[in-house]
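Colleague: Here is how the chains run, residue by residue.
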Amino acid sequence: MSTQTSVFHSSTVALLFAGLGLGGAWYGASIVMPSLASRHGAGIDSMLSYLLVTTGILFVAGYCALAWFIWTGARRRRIDQRLTRRRTEWLVSGALGLAVGLIAEGGVLAIGMPVWSEYFDATPPADAVTVEITAQQFLWNVRYPGADGQFGRNSAAAMDDVSNPLGLDRADPAGRDDVVTQNVMAVPLGRAVRLRLRSKDVIHSFFLPNFRVKQDIVPGMTPEVVFFPTREGSFEIACSELCGLAHYRMRGFFDVLSPAAFDRWLAEQATPTAGGPR
Amino acid sequence: MSHAATTVPGHDQSHPELGFIRRYVFSLDHKVIGIQYIVTGLLMALVGAALATLIRLQLGWPERTWPLLAQLLPKGYAGGVMAPEFYLAVVTMHGTIMVFFFMSYVLVSGFGNYLVPLQVGARDMAFPLANMLSFWIGALSALLMIASFFVEGGAAAAGWTAYPPLSAVATAVPGSGMGQTIWLLSMAFFIASFTLSGLNIVATVFSVRAPGMSMWRMPLTVWSYFIASILGLLAFPALTAAAVMLLFDRHAGTSFFLPAGLVVGGRHLTNSGGSPLLWQHLFWFLGHPEVYVLILPALGIACDIIPAFTRKPIFGYRLSVWCLVAVGALSMVVWGHHMFVSGMSPFTGEYFSIATMTITLPMTVFGVNMLASLRGGAIRMGVPMMFSCAVLALFGSGGLGGLYLGNATADMQLTDTYFVVGHFHMMIGGVTLMATFGGLHYWFPKMFGRMMNETIGKAHFWLTFTPFFIIFFMQHFLGIQGAPRRYYAFTAYDFLRETRIQNLVVSSCAMVLIASQSLFVVNFVWSLFRGAPAADNPWEATTLEWTTSSPPPHDNFGQAELTVHRWPYEYGVESGDRDFADQRVPPGRVPVTA
Amino acid sequence: MQLALEPELSRREETVRLGLWMFLATVAMLFAAFASAYLVRRGGSDWMRINLPPVLWLNTALLVAGSGALEAAHAVGARRRWLSASAACGVALALGVGFLLGQLVAWEQLLSAGVDMPESPHSSFFYMLTGAHALHVVAALGVMLWTGLLTWTGAGRRQPRRWAAAMHSTRTIWHFLLGVWLFVFALISLY
Ligand code: HEM
Ligand SMILES: [Cu+2]
Ligand SMILES: [Cu+2]
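Protein chains in written order, with the numbering used here: chain A, 1 to 278; chain B, 1 to 594; chain C, 1 to 191.
These are computed hints drawn from the structure, not numbers from a lab.
We put the beta carbon where it would ideally sit given N, CA and C, even for glycine.
Be aware that one or more of the hints could be misleading.
[Stated by the list, open to error] Covered stretches of chain C (in silico footprint by chain B; criterion: 3 or more residues with CB under 8 angstroms from a CB of chain B, positions within the stretch not fixed): (1) 75 to 86; (2) 114 to 126.
[Unchecked claim] Rough simulated footprint, nothing fancy, chain C against chain B, three-plus residues with beta-carbon under 8 angstroms: (3) 86 to 97; (4) 198 to 204; (5) 279 to 293.
The following block holds chain A by itself, in its conformation from the complex:
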């Protein structure tokens, strides 16, 4: 019988599975996420930690069980017990299935949902810094409402990539003090950040890896995100939805500054020629 393969061969296959299971867990345990810099992000990280631990255990246990069954099975000449009673089958698989189902569903309901609603239901505090981000191939237009707290009118019809990328209505007094930059933005530590996201052309996705913020920007919609930075520093903005040729380098900078430094920065940007790339 050509299938009568050697015990040695089967054992190596068993060891392969065990090795991949244990090696995978070892590699996985050595990986760190981008350093955390937002309040709700701690919730997301604990969600991920919960999953890493529970699924890590299931993963190693499963691979070792597979290896064990192969290892012992290869040494058996006659099968052990042919059929299991149907009730036992339902009990064993059902119990394991329920256990994993509970781990999964429990994670969603007990850990995930509170974080999810904290993030989405947050009414922005009155002192939140509001910033409008308008994505286009392949840069981020950033706009601050200025001292009056009001964004000036703009329209798609007036948009012009060279002279007026945001299509601002220069006659609107509310827009006079708007501060416009490209690819660079800053926020003060200690206040919530409220981002209004728009896109001019295709779908982009605003991704702040360190803040655990990711929001697709579908043109025609104006999603908002609200979050609370927890430390000063200079961070990167990435695009995480395929938007064209330079998707991979649609990079922006997100600086969290002390309140004083932020005011200084904003004043610097507010020169009449603001809007050029950094």
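Position chains B and C with the ligands relative to chain A; hints supplied.
Modeller: Same frame as chain A, now just chains B and C with the ligands:
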């Protein structure tokens, strides 16, 4: 719906002897059509693998120039550097070809055509003519897809998910010119072809079964094809509708998916009011069931291979069938888990998260049943068994990855990163690939009357599964480190600097994986002509295809009357000098145990 | 002698019926997908109703009459009055072609009123849905033509079962497409 018909089913359509063309090219025989599908799919896999090579060369060594490639592909590699637009076209076509033209063709239409009639004891498919049409429409759609590389602007470049506006506006990316139009037409043909073969499989299972073959005596392979085909039939029309609407948006000026006020590359578009999210809903209404259309047959195949190599019945047969049914039903109502951060309402997100998590229950039960089937067996580690164990292993790790992604809170960080890429390659890439190799080794003797070489097969297993696992396991963790998918290079960001070495490892493993497929090609071709002649039932298996000759005659079972007396997993019984009883063995000879 | 209207089906005939119904189910899913897109798109701010040409009512009547003619063809065929059956098939065919021409007239009227496909989402859906339905009707007319020829050439006399099966498929398809049309018509005119 089962019939106790007295005639041999399908006998009224036995075909007379035919010439070469009618026999091998425009054949009505489900076995020939199945093999045609398998060969077409394997050829497409070579194209897909070549594209994967280009992807991994670029990501592993982003700063290198490739003079040789510049000569072979002067447009894509001007100056030896891969053009970003070519990279995107390559990624898009790799995904499309692997999902639709490799896996669907080999696993669903190929094995499905070959195995389903044989395993239910039919003489042919229910509608042989529709079956032949299905293959030729399918071949046309594959050719069309390949041809799109050569049109102005190159192949489609908006990803296999083709989200508008990127895919709708010709100037948004070069591939969104003619290439995207051809992509959409080719998908429409693909769906037509799948519909014809899906109808056939469902009708065959429903009403052309041999006497005695009740639903509860069908092998899990047949069950999985049955459910996968129903799923496909119900889900695929959504993509047809979406493709039609996208074509109108592209060429007739309508605004199904295009909102007002778009300014693409400085040009103002005149569309108004359309909804890009609508495309995503329609696409994923197809897309999510589609992944189950592919994975269910892979699981079914592994479940039928395993008992032949453990020599004991599968664990929890009926329970597994119910799991297939439950997974099929649930998979129609969870598509929104691909859109957690799309801007869809967060409440909808919560619903989809909870619904998705319920799928883990039947999926886990199914996996546990497979694992428990190994326990206590007298295992012979033949090549099909090695690949079936790999199916089980990848199904486990891919499923655990699903727990992260189905959880909306975790998915917020992981969506559109390499975690997703790792997850779906384990599943739609790995489970299916391992089942394909396992199934080819297992049924090759039946298809061609010769055995495949065991030694090459074993080497091929080691050099395929090991790098495969490393590549896609590591990609999960690239995603945890934040690496977004569909990036031409990871060089532009500081936070991705740490991933350089890991990408190098992934790319190196990918080169080993791809190169070692030559072992399979050699084994396949060599065995076709020089393989050891195969017995009718080389694996001592119980299902009906093993009761006929290798390869089977034109009408599958010759003149023999075929009556089924038992379930498909009668292993470990006393039957003369054998330890199994095939499904025809009457209860008088060997007691029926399930 | 009268042919039993629902003779005991052979296994083959049952398989064909099953396959046909599954195919129609995929067609139903196609129109369901269009309809759900319609419902979503209906919420857009730019939705502007177009005036549907009244000829659509006439076309609807033609389609209903076609169904009736097919039923008549079936009934007289079952009583082996092949000449009348052929005539009824001819009438059904004519009504079907009339429906298609009527739909063309509706397009023509809209176009000459300046309402083309991109004009408004409503008109986009109107052209797309009527077009998709009309393509299915064209295919159904092919099937009907085949059945009509079978009837006319006397196949019904020689192979009554074959005739009955063809007739059954034709009626199923035609009534189904009538149902689809009523659904589409209601959708675009009421919502
Ligand atoms: C436990 C079961 C599973 C769960 C909970 C699950 C969950 C998910 C989720 C939530 C996503 C979306 C991730 C994102 O884009 O953010 C996803 C992506 C995907 N899954 Fe699964 N999945 C499961 C099983 C499978 C299976 C069995 C297959 C295929 C055979 C599969 C194939 C895919 C594919 C192809 C994608 C990516 C599509 C794309 O964006 O290109 N998944 N999965
Ligand atoms: Cu992007
Ligand atoms: Cu999914």
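Colleague: State for each hint whether it applies.
Modeller: Hints, one by one, checked against the model:
1. A stretch counts as covered by a chain when three or more of its residues have a beta carbon under 8 angstroms from one of that chain; for the segment 75 to 86 of chain C and chain B the count is 0, and the coverage is violated.
2. Coverage of a stretch by a chain is defined here by at least three residues with a beta carbon nearer than 8 angstroms to that chain's beta carbons; for the segment 114 to 126 of chain C and chain B the count is 4, and the condition holds.
3. Given a C-beta distance limit of less than 8 angstroms, the hint that chain C covers the segment 86 to 97 of chain B is violated, as 0 residues qualify and 3 are needed.
4. Evaluation of the coverage hint for the segment 198 to 204 of chain B: fulfilled, as 4 residues show C-beta separations to chain C shorter than 8 angstroms, against a requirement of three.
5. By the rule of at least three residues with a Cβ nearer than 8 angstroms to a Cβ of chain C, the coverage given for the segment 279 to 293 of chain B holds, with 3 such residues.
Violation of the numbered hints given earlier is confined to hints 1, 3; the remaining hints are satisfied by the structure.
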